[in-house]
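Visitor: Okay, here's what each chain looks like letter by letter:
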Amino acid sequence: MSTIITQDDIKHLEKISMIRLSDEERNTFTPQLTSILEYVEKLGEVDTKDVPETTQVTGIVNVLREDEVKPTFTQEQALANAPEQERGYFKIRGSLKNIAADA
Amino acid sequence: MSNAMNGKSLKMAEGHEKYDLIIGLEIHVEPKTNSKMFCSCSADFWEKEPNTQTCPVCLGLPGALPLVNKKAVELMIKTGLALHSEIRRKTKFDRKHYFYPDLPKGYQLSQYDEPICEGGYISVSGVDGSEKQIAITRIHMEEDVAKALHAKDATGEYTLIDYNKSGVPLFELVTEPVINSSDEAWEFAKKYQQILRYLGVSDADIEKGQMRCEPNISIQKKGTWKYENGEIIPTTDAPLLERVEVKNIGSIRFMKNAIDYEFNRLVELAEAGEEIRQQTRGWNPAKGKTEFQRYKETAQDYRYFPDPDIPPLEISEEMIDSIKKEVPELPDEKIWRYEKDFGISAYDAGILVEDKAKAEYVEQIFAAANNTTEIITDAVKFLNGIGASWSNNAGKSIVESSLQPKALIEVITLLHSGDITRNAASQLVEKLLNEGGNVSELVEKLGLKVLNDTGALEKFVDEAIAENPNAVADYKSGKMNAIGFLMGQVMRKSGGSAKPGDVQTLLKDKLSQL
Numbered sequence: 001m002s003t004i005i006t007q008d009d010i011k012h013l014e015k016i017s018m019i020r021l022s023d024e025e026r027n028t029f030t031p032q033l034t035s036i037l038e039y040v041e042k043l044g045e046v047d048t049k050d051v052p053e054t055t056q057v058t059g060i061v062n063v064l065r066e067d068e069v070k071p072t073f074t075q076e077q078a079l080a081n082a083p084e085q086e087r088g089y090f091k092i093r094g095s096l097k098n099i100a101a102d103a
Numbered sequence: 104m105s106n107a108m109n110g111k112s113l114k115m116a117e118g119h120e121k122y123d124l125i126i127g128l129e130i131h132v133e134p135k136t137n138s139k140m141f142c143s144c145s146a147d148f149w150e151k152e153p154n155t156q157t158c159p160v161c162l163g164l165p166g167a168l169p170l171v172n173k174k175a176v177e178l179m180i181k182t183g184l185a186l187h188s189e190i191r192r193k194t195k196f197d198r199k200h201y202f203y204p205d206l207p208k209g210y211q212l213s214q215y216d217e218p219i220c221e222g223g224y225i226s227v228s229g230v231d232g233s234e235k236q237i238a239i240t241r242i243h244m245e246e247d248v249a250k251a252l253h254a255k256d257a258t259g260e261y262t263l264i265d266y267n268k269s270g271v272p273l274f275e276l277v278t279e280p281v282i283n284s285s286d287e288a289w290e291f292a293k294k295y296q297q298i299l300r301y302l303g304v305s306d307a308d309i310e311k312g313q314m315r316c317e318p319n320i321s322i323q324k325k326g327t328w329k330y331e332n333g334e335i336i337p338t339t340d341a342p343l344l345e346r347v348e349v350k351n352i353g354s355i356r357f358m359k360n361a362i363d364y365e366f367n368r369l370v371e372l373a374e375a376g377e378e379i380r381q382q383t384r385g386w387n388p389a390k391g392k393t394e395f396q397r398y399k400e401t402a403q404d405y406r407y408f409p410d411p412d413i414p415p416l417e418i419s420e421e422m423i424d425s426i427k428k429e430v431p432e433l434p435d436e437k438i439w440r441y442e443k444d445f446g447i448s449a450y451d452a453g454i455l456v457e458d459k460a461k462a463e464y465v466e467q468i469f470a471a472a473n474n475t476t477e478i479i480t481d482a483v484k485f486l487n488g489i490g491a492s493w494s495n496n497a498g499k500s501i502v503e504s505s506l507q508p509k510a511l512i513e514v515i516t517l518l519h520s521g522d523i524t525r526n527a528a529s530q531l532v533e534k535l536l537n538e539g540g541n542v543s544e545l546v547e548k549l550g551l552k553v554l555n556d557t558g559a560l561e562k563f564v565d566e567a568i569a570e571n572p573n574a575v576a577d578y579k580s581g582k583m584n585a586i587g588f589l590m591g592q593v594m595r596k597s598g599g600s601a602k603p604g605d606v607q608t609l610l611k612d613k614l615s616q617l
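As you go down the protein sequences, you meet chains A and B in turn.
Those letters in the first sequence? Residues 1 to 103, by the working numbering.
Those letters in the second sequence? Residues 104 to 617, by the working numbering.
Listed below are the simulated DSSO-like cross-link pairs for lysine-lysine, each with C-alpha atoms no more than 27 Å apart in a straight line:
#1 B:K151 with A:K91
#2 B:K208 with A:K70
#3 B:K459 with B:K311
#4 B:K255 with A:K91
Covered stretches of chain B (in silico footprint by chain A; criterion: 3 or more residues with CB under 8 Å from a CB of chain A, positions within the stretch not fixed):
#5 127-138
#6 162-173
#7 198-204
#8 264-275
#9 415-429
Worth flagging that the hints you see were computed from the coordinates, not collected in a lab.
Treat the numbers as computed from the prediction; the structure is a model and nothing was measured.
Every residue gets a Cβ at the ideal spot worked out from N, C-alpha and C, and that includes glycine.
Please model the complete structure; the sequences and the hints are all you need to start from.
Guide: Shown next as structure tokens:
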């Protein structure tokens, strides 16, 4: 059971991560990602036949909050780490208009 | 109707003979909560200064811990109960991953395989006028994204982001692909909006983005497909035609227009033998057409997984029972009851219950009438007659008029006891709508009480005969219509308080003696 990462997988990852790699980078990352996945695949050797799928380990349920408004960041605090800002907005360079995911 | 319109509807009719229209709806709604879904920032972002309602949670800062808004969950359960959905007893939140600057965490908190509400329906009028239940697949909870403004300057294109909206609770309702006309889609969305308002779950104001409708539209040649287990599957060897999703629709009316437009566009493509590719389009209201946005070539890869920071929810029977008690009688139930109890037509009843405030006003009127059918029948006539035209003219709901529920019933009681005429009752209702007031005082002041004094009536009749010799002569010469004119004269003298029947009898009597 081995996982082979192909160039197509890398291209798919580029797309959903919204980054662009050069051919050289692709050639570097393809074997790297393959070896990372092979390492993780070691887990596949463990027999989990009778182990239920687990996504929570605390056993806690129903952690709910009352619907109350509490003080929040000021605009200045919110924008403190923004690389660029304009009229109180975060400002991002580049054209993003047509790449919105179908959320 | 213009020729162009004729041509268009003709084309549409031909299209419907050959193709079926298949629509599934996705409707997003922001419920009315004070705070956001997973943090205590205000959820009321409308027209607020940008980025003034944010915190580490909704800005996606490292280490921030989301906490579920109890009210939002309760409102969704309430909505599900009203729409006949199953409420899951065990539910959880999942991360839906995609990269976009309006989503600072890199994932949206949503629900993947355990939505709070499953199934349910809203009834609409089907093609043949009979009731059609539009099946709801699910309603799940998620969080809204930030507002992104796209602009351009000398240095190039850029985007401005306001995170006030980031993390606002959002319901996503998905229907089965069982809607087969733009009218059905329109009615479904209208009724969902009406129910949300009745429940007090959301104002569902589309202009404020509180409700967003996105139809998935496809056409298929008749006889080439069937709907089975929630899916549209081919029944011939030919592949099915791809579907189109329309986004950014600013009103329910526009959604109907967008569906009609797409139907025609898709039929034209299919008839021309051109390929229909799966795609997302936007609605341009100024041009009245949909515009291409992007192709959906690969299946979405959102890499959903359960959010490890949010413990799952276990919804108790107790919680569901207590929410059930808060679900009010809904429009469809009211219409059905009015029809059954008072013989009010579904059409009339529909007008009476169009919004909750009006329905409550109508209930007060019915209560004041002691639920007596005869009185209620007349009350409905006044409400949907004079009342409706008053609303149209005033541009206000009848609830905002000066007509008190009890006053309307007093007027009708006087009408039924024969103390005032129907004409006088209409005058009174008109007056009460505009100015309100005490009914018996108004009757007195306006002299609307029926003239039971035979002496006074006789005087008016004598006067009318004396003053109108021509009409009298006409009548005597056999023109029976002339009596109508004389009656009008007497009614005017009585200020509308004489009973037409009495006047006619007395007039005929007097004229025959001449």
